[in-house]
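Chains as they are written, first to last, in our numbering: chain A, 1 to 138; chain B, 1 to 138.
It should be emphasised that the hints constitute simulated quantities derived from the structure, not laboratory data. Please read all numbers here as calculations on a predicted model, not as lab measurements. Treat the hints with care, since some could be wrong.
Just so you know, same-sequence chains aren't split out, so a pair can sit in one copy or run between any two.
[Stated by the list, open to error] Computed cross-link-like contacts, DSS-like style, restricted to lysine-lysine with a CA-CA straight-line distance of at most 27 Å: (1) K29 <-> K135; (2) K101 <-> K29; (3) K133 <-> K29; (4) K133 <-> K53.
There are 2 protein chains.
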Amino acid sequence: MFNLDERLQNDTYFVANLPISQLLLMNDKQYPWFILVPRIADISETCQLSASKQVGVLAESNALSQALLDLYVPTTLNVAALGNVVRQLHIHHIARFEHDKAWPMPIWGHSPSVAYSDTEAQLLINQILAHAKIKELL
Amino acid sequence: MFNLDERLQNDTYFVANLPISQLLLMNDKQYPWFILVPRIADISETCQLSASKQVGVLAESNALSQALLDLYVPTTLNVAALGNVVRQLHIHHIARFEHDKAWPMPIWGHSPSVAYSDTEAQLLINQILAHAKIKELL
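Using the sequences and the hints given, assemble the complete structure.
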């Protein structure tokens, strides 16, 4: 049975259940930073998912990436599954800018997170949920 | 026309041409660190690849991930497309250990790289090329 890792739960806002993954917003307003967590127990690497689940997650990653590119027009996206701290498979999608705090370094561990107000978080959640590619998956 | 980014060329050993991507070994012996670079010009994000190319790259990523898990038995894999420094799409695959130098931080920018001797690099190249999942793609 799938249970969202406690640390992920504490550090994020829930956005939506996509066909395979939970979509979460990282509670750090320094970066537009979303996370996909496939709702499958005891998986820590993408290559451990079945082929069909992988294709599903890829579609979700595409939709999320396209939404971030359209909404925030970043310099680049950082798309990454690390697992150094939280072992449950989760795939970061972060819109990065040449003027952001950590640039050009990775954001993980760079600076203490800065929490959204609930109103601020809801704005980003509404924006991403309104994007056509995400709506197709809901 | 695809040309490998000059910085990637300088920092890596060429391993093989897989169906879609060049497989490279990062010249840093602190971590088993391989990179897939789809041989397609002017692409910086995975979501910009055609659906069929994406599925091909996913198969290559799976094979490389499985090979790293089997050969090095790491604590976790870091699989990441960042693009902060080199904009050409390239997907890092790094075997990470609780005893490695950067743990639990990301490796990018953590410590100056430590070059392999050609003999050391060739050993890793031979190991990865001998793995069944990689051989299937050659």
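Okay, the hints, checked on the actual structure:
no.	hint	result
1	K29 <-> K135	within (23 Å within a copy, 44 Å between copies)
2	K101 <-> K29	within (11 Å within a copy, 29 Å between copies)
3	K133 <-> K29	within (23 Å within a copy, 41 Å between copies)
4	K133 <-> K53	both (18 Å within a copy, 20 Å between copies)
Violated hints are absent here; each numbered hint is respected by the structure.
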